[in-house]
Amino acid sequence: MLTLLLSLAAAAADTTAAPRPVPQDGPAVVVHRQPALPVAALRLSLLADDPTGYAGAGHFFQHLALPALEEQAGRVGARVQAVRTSDAVVYSIVGPADELEYMAGVLRSALRAPASPSGTDMLSALRHLAEERAAERETAPSYVRAALRARVFPNDLPAAGTDEAAARLESADLAALWGRMYAPGRVSVVAVGDVQADAVRRAFRSLPGGGAAGDGEAGIDTVPSLAADTPQATRGWVARAYPAPDADPAALSVAARLLRANLRRRMTRSAVEVEHWWTHHGQALALVVATPDSLMPAARRTVGGALEAVGADVSPQSVADAARAVRRDMLFYSRTPERMAEIVGGFADRGDDPEAAQRYFARLEEVTEDEVRAVLELLAAQEPVVVEVPAQRIRRENRR
Amino acid sequence: VSGARTVSNRAMRALAIVFFSLLPILAMERRAEAQDRIVVRPEPGTPVVAVEVLVAAGSADEPADQAGVAYLTARAVTDPIAAVLDSLGARLAIAAHKDAVSLTLTAAPDAWEEATRALLAALFRDPVDSAAVVRQRRAIVRELEAREASPADALAGEVEKAVFGAEHPWGRPAVGTAETVARLRARQVDEFLRGSFTPERSIVAVVGPVEREEAFDVLRPALGFDTLRVTEADPPVPAESPVRRNYDAITTWVSASWHFTGDADVEALRMLSRLALQRVSFGPSRRSVYNSRGELLRHAAGGELRLHLVVPPREAEQWADALRQAVAGYAEEALSAQIFAERLRRYRGERLLELDLPETRARELARGVLLGGRGESLTGLDGLTPQRLHDAARALEAPIIVFLGPSVEEET
Chain A
18 MLTLLLSLAA AAADTTAAPR PVPQDGPAVV VHRQPALPVA ALRLSLLADD
68 PTGYAGAGHF FQHLALPALE EQAGRVGARV QAVRTSDAVV YSIVGPADEL
118 EYMAGVLRSA LRAPASPSGT DMLSALRHLA EERAAERETA PSYVRAALRA
168 RVFPNDLPAA GTDEAAARLE SADLAALWGR MYAPGRVSVV AVGDVQADAV
218 RRAFRSLPGG GAAGDGEAGI DTVPSLAADT PQATRGWVAR AYPAPDADPA
268 ALSVAARLLR ANLRRRMTRS AVEVEHWWTH HGQALALVVA TPDSLMPAAR
318 RTVGGALEAV GADVSPQSVA DAARAVRRDM LFYSRTPERM AEIVGGFADR
368 GDDPEAAQRY FARLEEVTED EVRAVLELLA AQEPVVVEVP AQRIRRENRR
Chain B
40 VSGARTVSNR AMRALAIVFF SLLPILAMER RAEAQDRIVV RPEPGTPVVA
90 VEVLVAAGSA DEPADQAGVA YLTARAVTDP IAAVLDSLGA RLAIAAHKDA
140 VSLTLTAAPD AWEEATRALL AALFRDPVDS AAVVRQRRAI VRELEAREAS
190 PADALAGEVE KAVFGAEHPW GRPAVGTAET VARLRARQVD EFLRGSFTPE
240 RSIVAVVGPV EREEAFDVLR PALGFDTLRV TEADPPVPAE SPVRRNYDAI
290 TTWVSASWHF TGDADVEALR MLSRLALQRV SFGPSRRSVY NSRGELLRHA
340 AGGELRLHLV VPPREAEQWA DALRQAVAGY AEEALSAQIF AERLRRYRGE
390 RLLELDLPET RARELARGVL LGGRGESLTG LDGLTPQRLH DAARALEAPI
440 IVFLGPSVEE ET
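Here the protein sequences come in this chain order: A and B.
First residue of the first sequence: 18, per my numbering; consecutive thereafter.
First residue of the second sequence: 40, per my numbering; consecutive thereafter.
In case anyone wonders, no lab produced these hints; they're calculated from the structure.
Glycine residues also receive a C-beta, built at the ideal position from the N, C-alpha and C atoms.
Be a bit skeptical, because a hint or two may be false.
[As the list claims (entries may be wrong)] Listed below are several chain B residues computed to face chain A (Cβ distance under 7 Å; list not exhaustive):
#, residue
1, G84
2, P86
3, V87
4, A147
5, P352
6, E354
7, A380
8, L383
9, R384
10, R385
11, E389
12, L391
13, E393
14, P397
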């Protein structure tokens, strides 16, 4: 779950026009009360896609807004963050619980249509986006994930957008563009900490109105080929992703944990990650292995046969242990109000109901050996997406 | 022979604990004292349980040539339970302080009891495993060698010597040095374990979705009913003039350390350290400050408010004056009510955010008990006033200044 959360936090924007469940009557509010500590985390999600032709717009608006939000939050010693996930434009703030109204005001201000930003602010936001775009292709770990994601979820464009879209953003009517993304009914709020549900609802009752949507599409977002930008790496990277749109999420999480344990046991000289990707675009299971150059052929074989190997090894006890480990990771990760809000909000952003996180947590304990086998068979029936980065080889004469 | 004696002594201790636990009426008066060493903070909404075991064994308990034995003991004695904790999904972090060793356990609510029992048995019942000593000694030496080039560590070492005196136990690094740790033997670890890692030297704080009685049921049998035993350290012998140490770097570290006594207004001093640090941190008019840090360190006899800056070598003296002035400014005049309210609002939020992890809250509570508190509250934020801040600043005497950098004497 932690891996899942982290991978999603680093992941991307969406520009798909796929229908998404959107609340109609003001923001959906979920409150998880933790009365013992006078700290509260508020997480506000705008369930919105970047307008076609403006990939990265959501994250661009976040970079424009963030300096002012940080300054406001700092006055009460609070901390604010802006993250663009595959599902939503997310702002979160954590600070004293009795500053609820003030902190809510900080988040509400992020929803106002951007006034004409200064040249400096524009340059700064565009520079941040450019750096993030470059970073995604710069090192092997982020590159292989981006390359897998681009093929498993083709509608899920990078959060930082594209060079062409960034050029369009420079001269776009930002208020109109924001109007195409923002509507009060697209907002959902999660609050965790020593706060009352009524107080949270009151604090978010009046959101800024949606602006004129504007019209017209600027063009099509085309992501530059990742194959042309293969990074240099000191180890070889072998990555596979299996789309699993219809898999039971809890069983898929447990299968991912079993695969990770199996591969780590067998690949002691390699770094192994197995991740459950879960967004409103669908689900997938990704295997990412970094290995010494000399072990690349063996790594390909081991990764290629991983589903079968785990299937032969699975037992009621191993499933129970893996499920328990996923649950404990979830508990550990959510031990601050901020992270608890992130977990609960992640479910809400995919369009699930307020109890979805709790239901998933409970469901993990019920996952059976048969369900895991069914997931493994489902994955094995898919054609995996394969991405590899060879280890950089230095010519003998250049070695010192 | 040594191992047999250890087992025997430990078995006796365990029997004694069982015996006392069977005599609740006789032990009633002492039970109240024992409860002072156990602090439970029930937090129904917190998803994990954090258990802080603070063993009041530190540098003052170590022979000078065995610096670091307390830390090695904690690492070695918990090494054999690593697999058990792992299977329970529990995490253990160990840190050495001058006056105590901190063992922080974090576990899921369904596993904390078993994990805690395993930890307490390792600390107070099981004999030390010599193979574990060798493994952990090697690991610590490697870690210390890797840190030898760290200027932050070098500064901390010089500041401790300047504040407490080179010969004072607290003038030594709490984790020892690569040299002293490499010389430690299993026999010395065993002796330290039996002499200093005892229930009566231990404080336990539990934070999480746990009822008080439930926690006491787990902890009482292992902790017994004795009052807290702490080794008193000798009075420090601080440097009387600024300390200058050459260090091969392109920047200079400047540190100012203000001593405060045991009756000081700690929360006001903590706020003061934050405000003073803002006056000397990087900003449009302070572009040459590369880094800055403030800390408030407490021990039984009081503590220190410390501010550290990293600046160009030629400006080191100027920034030492700025550090002195940053604190002295608050001693000259109390802040107006409005400005104080603004500063307090910010400070309060930052202070609460420091406590957002359950293990941090458990550490704070245990530490509070070690320093004579009752573990009732996490902060002293209530009732802070401009006058309290002013009084706290006025009560501070001149700081001890330490410079660490390239040819400081010539440059300055």
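A quick look at each hint next to the structure:
The beta carbon of G84(B) comes within 3 Å of a beta carbon in chain A, closer than 7 Å, and the hint placing it at the interface holds. With a least beta-carbon distance of about 4 Å to chain A, the hint placing P86(B) at the interface is held under the 7 Å criterion. With its C-beta approaching chain A no nearer than about 5 Å, V87(B) sits inside the 7 Å limit, and its interface hint holds. Taken as an interface hint, A147(B) checks out: its beta carbon lies about 5 Å from the nearest beta carbon of chain A, inside 7 Å.
About 32 Å separates the beta-carbon of P352(B) from the nearest beta-carbon of chain A, more than 7 Å, and the hint is not met. Because the closest C-beta pair between E354(B) and chain A is about 28 Å apart, greater than 7 Å, the hint is violated. Annotation: A380(B) was flagged as interfacial toward chain A, and the flag is violated, the nearest CB pair being 11 Å apart, outside 7 Å. Hint status for L383(B): violated, given a least beta-carbon distance of 10 Å to chain A, over 7 Å.
With a cut of 7 Å, the hint placing R384(B) at the interface with chain A holds, because the nearest CB-to-CB distance is about 5 Å. Given the 7 Å rule on beta carbons, the hint for R385(B) holds: about 5 Å separates it from the nearest Cβ of chain A. Proximity of E389(B) to chain A holds as hinted, the smallest CB-CB distance being about 4 Å (cut-off 7 Å). Given hint, L391(B) at the interface with chain A, holds; its Cβ is 5 Å from that chain's nearest Cβ, closer than 7 Å.
Residue-level restraint check for E393(B) is violated (minimum Cβ-Cβ distance to chain A is 10 Å; threshold 7 Å). Taking 7 Å as the C-beta contact cut-off toward chain A, the hint placing P397(B) at the interface holds, the least distance being around 6 Å.
Comparing the model with each numbered hint stated earlier shows that hints 5, 6, 7, 8 and 13 do not hold.
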